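Chains as they are written, first to last, in UniProt numbering: chain H, 1 to 232; chain C, 1 to 232; chain P, 1 to 232; chain G, 1 to 232.
Derived by calculation from the structure, the hints in this document are not laboratory data.
Bear in mind that the values here come from a model prediction, so they are computed numbers and not experimental data.
Just to be clear, a hint being listed does not mean it is correct.
Unchecked claim - Cut-off 30 Å, straight-line C-alpha distance, at most; resulting in silico cross-link-like pairs (DSSO-like, lysine-lysine):
{"#": "1", "chain 1": "P", "residue 1": "K232", "chain 2": "G", "residue 2": "K232"}
{"#": "2", "chain 1": "P", "residue 1": "K36", "chain 2": "G", "residue 2": "K187"}
{"#": "3", "chain 1": "C", "residue 1": "K49", "chain 2": "C", "residue 2": "K187"}
{"#": "4", "chain 1": "P", "residue 1": "K102", "chain 2": "H", "residue 2": "K207"}
{"#": "5", "chain 1": "C", "residue 1": "K102", "chain 2": "C", "residue 2": "K232"}
{"#": "6", "chain 1": "H", "residue 1": "K102", "chain 2": "H", "residue 2": "K49"}
{"#": "7", "chain 1": "G", "residue 1": "K207", "chain 2": "C", "residue 2": "K198"}
{"#": "8", "chain 1": "P", "residue 1": "K49", "chain 2": "H", "residue 2": "K198"}
{"#": "9", "chain 1": "P", "residue 1": "K49", "chain 2": "P", "residue 2": "K36"}
{"#": "10", "chain 1": "G", "residue 1": "K49", "chain 2": "C", "residue 2": "K207"}
{"#": "11", "chain 1": "C", "residue 1": "K49", "chain 2": "C", "residue 2": "K36"}
{"#": "12", "chain 1": "G", "residue 1": "K187", "chain 2": "C", "residue 2": "K207"}
{"#": "13", "chain 1": "C", "residue 1": "K36", "chain 2": "H", "residue 2": "K232"}
{"#": "14", "chain 1": "P", "residue 1": "K207", "chain 2": "H", "residue 2": "K207"}
{"#": "15", "chain 1": "H", "residue 1": "K102", "chain 2": "H", "residue 2": "K207"}
{"#": "16", "chain 1": "G", "residue 1": "K232", "chain 2": "G", "residue 2": "K102"}
{"#": "17", "chain 1": "C", "residue 1": "K207", "chain 2": "G", "residue 2": "K207"}
{"#": "18", "chain 1": "H", "residue 1": "K207", "chain 2": "P", "residue 2": "K232"}
{"#": "19", "chain 1": "P", "residue 1": "K232", "chain 2": "P", "residue 2": "K49"}
{"#": "20", "chain 1": "P", "residue 1": "K102", "chain 2": "P", "residue 2": "K36"}
{"#": "21", "chain 1": "H", "residue 1": "K36", "chain 2": "C", "residue 2": "K232"}
{"#": "22", "chain 1": "G", "residue 1": "K207", "chain 2": "C", "residue 2": "K187"}
{"#": "23", "chain 1": "H", "residue 1": "K187", "chain 2": "P", "residue 2": "K49"}
{"#": "24", "chain 1": "C", "residue 1": "K198", "chain 2": "G", "residue 2": "K232"}
As the list claims (entries may be wrong) - If you want the ones that stay clear, here's a sample from chain C, every Cβ over 12 Å from chain H, calculated:
{"#": "25", "residue": "K102"}
{"#": "26", "residue": "V127"}
{"#": "27", "residue": "I206"}
Claimed, not checked - To be clear about the criterion: a stretch of chain G counts as covered by chain C if any three or more of its residues have a C-beta under 8 Å from a C-beta of chain C, and this derived list gives those stretches:
{"#": "28", "stretch": "69 to 80"}
{"#": "29", "stretch": "121 to 135"}
{"#": "30", "stretch": "196 to 207"}
No residue lacks a Cβ here, since even glycine has one placed at the ideal position from N, Cα and C.
These are the residues of each chain, in order.
4 protein chains.
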Amino acid sequence: MTKTFTDIIPAQSLFGRLRANAPDAWQSYVCHDFIKQLGDGSLPEAAFKHYLIQDYLFLIQFARAYALATYKAEDLRAMRQFSGTVHAILDMEMSLHLEFCKGWGLSEADIIAQPEARACVTYTRYVLDRGMQGDVVDLQVALMPCMVGYAEIANRLMASSDTRLAGNPYRAWIEMYASTEFQDVAKAEIDLLEHTAKNRGGDARIKSLTETFATASRLEADFWQMGLDLAK
Amino acid sequence: MTKTFTDIIPAQSLFGRLRANAPDAWQSYVCHDFIKQLGDGSLPEAAFKHYLIQDYLFLIQFARAYALATYKAEDLRAMRQFSGTVHAILDMEMSLHLEFCKGWGLSEADIIAQPEARACVTYTRYVLDRGMQGDVVDLQVALMPCMVGYAEIANRLMASSDTRLAGNPYRAWIEMYASTEFQDVAKAEIDLLEHTAKNRGGDARIKSLTETFATASRLEADFWQMGLDLAK
Amino acid sequence: MTKTFTDIIPAQSLFGRLRANAPDAWQSYVCHDFIKQLGDGSLPEAAFKHYLIQDYLFLIQFARAYALATYKAEDLRAMRQFSGTVHAILDMEMSLHLEFCKGWGLSEADIIAQPEARACVTYTRYVLDRGMQGDVVDLQVALMPCMVGYAEIANRLMASSDTRLAGNPYRAWIEMYASTEFQDVAKAEIDLLEHTAKNRGGDARIKSLTETFATASRLEADFWQMGLDLAK
Amino acid sequence: MTKTFTDIIPAQSLFGRLRANAPDAWQSYVCHDFIKQLGDGSLPEAAFKHYLIQDYLFLIQFARAYALATYKAEDLRAMRQFSGTVHAILDMEMSLHLEFCKGWGLSEADIIAQPEARACVTYTRYVLDRGMQGDVVDLQVALMPCMVGYAEIANRLMASSDTRLAGNPYRAWIEMYASTEFQDVAKAEIDLLEHTAKNRGGDARIKSLTETFATASRLEADFWQMGLDLAK
Chain H
1 MTKTFTDIIP AQSLFGRLRA NAPDAWQSYV CHDFIKQLGD GSLPEAAFKH
51 YLIQDYLFLI QFARAYALAT YKAEDLRAMR QFSGTVHAIL DMEMSLHLEF
101 CKGWGLSEAD IIAQPEARAC VTYTRYVLDR GMQGDVVDLQ VALMPCMVGY
151 AEIANRLMAS SDTRLAGNPY RAWIEMYAST EFQDVAKAEI DLLEHTAKNR
201 GGDARIKSLT ETFATASRLE ADFWQMGLDL AK
Chain C
1 MTKTFTDIIP AQSLFGRLRA NAPDAWQSYV CHDFIKQLGD GSLPEAAFKH
51 YLIQDYLFLI QFARAYALAT YKAEDLRAMR QFSGTVHAIL DMEMSLHLEF
101 CKGWGLSEAD IIAQPEARAC VTYTRYVLDR GMQGDVVDLQ VALMPCMVGY
151 AEIANRLMAS SDTRLAGNPY RAWIEMYAST EFQDVAKAEI DLLEHTAKNR
201 GGDARIKSLT ETFATASRLE ADFWQMGLDL AK
Chain P
1 MTKTFTDIIP AQSLFGRLRA NAPDAWQSYV CHDFIKQLGD GSLPEAAFKH
51 YLIQDYLFLI QFARAYALAT YKAEDLRAMR QFSGTVHAIL DMEMSLHLEF
101 CKGWGLSEAD IIAQPEARAC VTYTRYVLDR GMQGDVVDLQ VALMPCMVGY
151 AEIANRLMAS SDTRLAGNPY RAWIEMYAST EFQDVAKAEI DLLEHTAKNR
201 GGDARIKSLT ETFATASRLE ADFWQMGLDL AK
Chain G
1 MTKTFTDIIP AQSLFGRLRA NAPDAWQSYV CHDFIKQLGD GSLPEAAFKH
51 YLIQDYLFLI QFARAYALAT YKAEDLRAMR QFSGTVHAIL DMEMSLHLEF
101 CKGWGLSEAD IIAQPEARAC VTYTRYVLDR GMQGDVVDLQ VALMPCMVGY
151 AEIANRLMAS SDTRLAGNPY RAWIEMYAST EFQDVAKAEI DLLEHTAKNR
201 GGDARIKSLT ETFATASRLE ADFWQMGLDL AK
């Protein structure tokens, strides 16, 4: 039997506790209508395309955030993992994303011509500022909804009886984030947070970290909503 | 005859050129419906109250932005002017704002209990990140819509035949920003930008600075729109 | 009987523990030869003048560090106290310092013409980077040796039988930092660290904070040594 | 005939002009006694080992500086080149450096046990703060002495009649930095500065950039001097 994402997250890990502390914000993100519609294939194509375009613009700021984490990290293990993520985003994911977009009829020129939507500006600049104001742990927590959230979303979709893979135009997207490779990336994020938080008083900061986590989760939910709204 | 704000801004100043380069974004902000309704007194009270609450939460981030400018400034004149603004916000404006809110039936507890609205998060974090990514001039340009925009808005309202001061519940607001004291503060902002930009290649950066100015102006327009939307 | 500085510091406060954890680094700073010679009046005038010049250049970076703390602070109490320090440095201390320098035959032009000495660059840029890399608590800890160290130094000198106040050319300096006003400023710094650290897992970070504190103390000791070396 | 480094640098490039504007600072670095002794093989082994140890600790901060540049860069070309450097430092150069150190009898444990020397702290934290205070161009200029300086140093040594390669214990070091691979890396740094400066008013900022370049060059010269001093 396939393990669910929840089975994978140790309840006592810092991430496990943040997730448990902010159930409404987290649910609003990982169980968003956009995701439900994506799972059963009913999501309007226009909504998905808007999301794809903004997700490309998001990747640029996401790379900046991991570069900031590399600058802020306080040991080589953390520096190397963050730097690897920056490298992966800039030199692999961005071109894969463009390739994927091409399959949906979106050229690079189409994408770059678009301005960042508000929801993209809001989440990314919130993360960047929170990370600069605080330390590397604040930055990581603000980033957790992104990769770890996508892993949980894909995992939930694979486990849900509402999901329809056959003939679902979004099947490739779901399977990409449900893949072992991506689930391992999310796992590594959780592990690294555990590592950095240990040296920076993470447990004693749970209240403030929960606020950051909840805000970031809500701003990620807005990102899904943006896809639905732009398609109206 | 009263001089309009436009008379005061030297067309060849950096601010004058930014303003001329981004007419649509600037107009969307300084001529927003919220402002028109404020000028003729037709603005719903709920819209104004939502704005007042968010404006208090805005001041906290605004103080952080001027503190960042103090850190980034490269000479004592600039450091002193920015630091003076931080001090004024934290030790004067915030309590004046609370006093003003009290007149509208909003207690400090009411205000602090509210979460920051998206439009507040978006504009402030955009400014803070733009300023951290770039230099002090990028930061100042991202901040220009705020104080200078308010000065122009009040100045325009005073000059407009659509404005009704007698019996207007928002008269105190208009007159505060139209006051010589506030207009001088805005003038000092424009002068300081001229000063710092001179040493940092400002003229040669006009294209990039215009983009920042236009984005910041649009995000400020969103702040007005938020007031209208929350009141619906 | 006059209380010594040690009486004032609660042993269980975060500062008290940092101080106890890094005794060698702290002693190398607060009991430096420069200080001993200053206390008995034997310090060469040239050494003191070199120190005075660099201390002025130091104040500029010190103001930047407190501006950074204002940007990083996570509540209004901390923001206001840090901002008050920036304001005090830029608008009071710097002119008092120039006034004091004039009494030693140093004009503002003399001072500004000097480049920052290495010891000044090293300590200030270490503090600024440590604070930017970490959070407000890391920044405060890196700054502790400065104001709190001066308070302890002056307090120790007043209590020491080796100190000679009568006819000591440096008497005004000693009495300034031994004054109730300055001792209260140092006390407020200690209290604020206690406050901010509580919300940011301070106790659990004692190992890393001790390293920062020890490094900062050693770099402050270098600042004294610079005075002696430049006078050779 | 081998081209000298000077042949390669376009005199009208921004780097060419910075180099021409700060001849004393630049000479003090690229023609330092440490380098002369390295070239003729007379450098005490202890001096070289001290340098090697500190150079490893330097690499950690150097990676942070390039991560900061990635965060600050304003287009994908610059982000990718900076990120590539971070990746190269953390995942290749650091282990090559340890390998090289092993040849000189220095284990990783020997190296990590050492505290950062003052000269290392001073240069790296100056660069990091200058880059954070200013923009990506200020950061790049503060970093120029490093890679580009090493390329010029190796190039000069290869061209100098005082250099003795046969039997020189430091021959591998000289040849590594004189290699086409490394010279190309330096060339790419110069080109990238040209690119980023064009969009950020570089030419109009030449006075301030020259100050940064001169200071950084002098702090790099201190790094060589540290090698000589620690070996005394």
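Hints, verified against the model:
Distance restraint check for K232/P and K232/G: the Cα-Cα separation of roughly 20 Å lies within the 30 Å cut-off, and the hinted pair is therefore satisfied. For the proposed pair K36/P and K187/G, the alpha carbon gap of about 53 Å is over 30 Å, so the pair is violated. The straight-line distance between the Cα atoms of K49/C and K187/C is roughly 28 Å, inside the 30 Å bound, and the hint therefore holds. The straight-line distance between the Cα atoms of K102/P and K207/H is roughly 52 Å, outside the 30 Å bound, and the hint therefore fails.
Between the alpha carbons of K102/C and K232/C the distance comes to roughly 23 Å, so the proposed pair stays at or under 30 Å and holds. For the hint linking K102/H to K49/H, the alpha-carbon distance of about 11 Å falls within 30 Å, and the restraint holds. Under the criterion of a C-alpha separation no larger than 30 Å, the hint pairing K207/G with K198/C is consistent with the structure, at around 12 Å. Taking the CA atoms of K49/P and K198/H, the gap is near 46 Å; set against the 30 Å cutoff, the hint is violated.
For the hint linking K49/P to K36/P, the alpha-carbon distance of about 16 Å falls within 30 Å, and the restraint holds. The hinted pair formed by K49/G and K207/C fails the criterion: a straight-line CA distance of about 49 Å is larger than 30 Å. Pair hint K49/C plus K36/C holds up; C-alpha atoms about 16 Å apart against a cutoff of 30 Å. Proximity of K187/G to K207/C is assessed by CA-CA distance (about 28 Å); at most 30 Å being required, the pair is judged to hold.
Between K36/C and K232/H the alpha-carbon distance is near 29 Å, which keeps this suggested pair within the 30 Å criterion. The hinted pair formed by K207/P and K207/H meets the criterion: a straight-line CA distance of about 22 Å does not exceed 30 Å. Simply put, K102/H and K207/H have alpha-carbon atoms about 43 Å apart, too far for the 30 Å limit, and the pair is violated. Among the hinted pairs, K232/G with K102/G is consistent with the structure: their alpha-carbon atoms are about 23 Å apart, no more than 30 Å.
For the given pair, K207/C sits about 22 Å from K207/G by alpha-carbon distance, which is consistent with the 30 Å threshold. Between K207/H and K232/P, the direct Cα distance comes to roughly 54 Å. Violation of the 30 Å bound is thereby established for this hinted pair. For the given pair, K232/P sits about 12 Å from K49/P by alpha-carbon distance, which is consistent with the 30 Å threshold. Between the alpha carbons of K102/P and K36/P the distance comes to roughly 24 Å, so the proposed pair stays at or under 30 Å and holds.
For the hint linking K36/H to K232/C, the alpha-carbon distance of about 29 Å falls within 30 Å, and the restraint holds. With a C-alpha separation of about 28 Å, the suggested pair K207/G and K187/C falls inside the 30 Å cut-off, and the hint holds. A distance of roughly 58 Å separates the Cα atoms of K187/H and K49/P; the hinted pair therefore is violated under the 30 Å criterion. Our distance criterion of 30 Å between C-alpha atoms is broken by K198/C and K232/G, whose separation comes to about 48 Å.
With a closest Cβ-Cβ approach of about 28 Å to chain H, K102/C is found to remain outside the 12 Å limit, as its non-interface label requires. In this structure V127/C is not separated from chain H by more than 12 Å, as the shortest Cβ-Cβ distance comes to only about 9 Å. Annotated as non-interface, I206/C keeps its C-beta farther than 12 Å from every C-beta of chain H; the closest such distance is 20 Å. Coverage of the stretch 69 to 80 of chain G by chain C holds in this model, with 3 residues showing a Cβ closer than 8 Å to a Cβ of that chain against a need of three.
By the rule of at least three residues with a Cβ nearer than 8 Å to a Cβ of chain C, the coverage given for the stretch 121 to 135 of chain G holds, with 4 such residues. Counting residues of the stretch 196 to 207 of chain G whose C-beta sits closer than 8 Å to any C-beta of chain C gives 8, which meets the bar of three, so the coverage hint holds.
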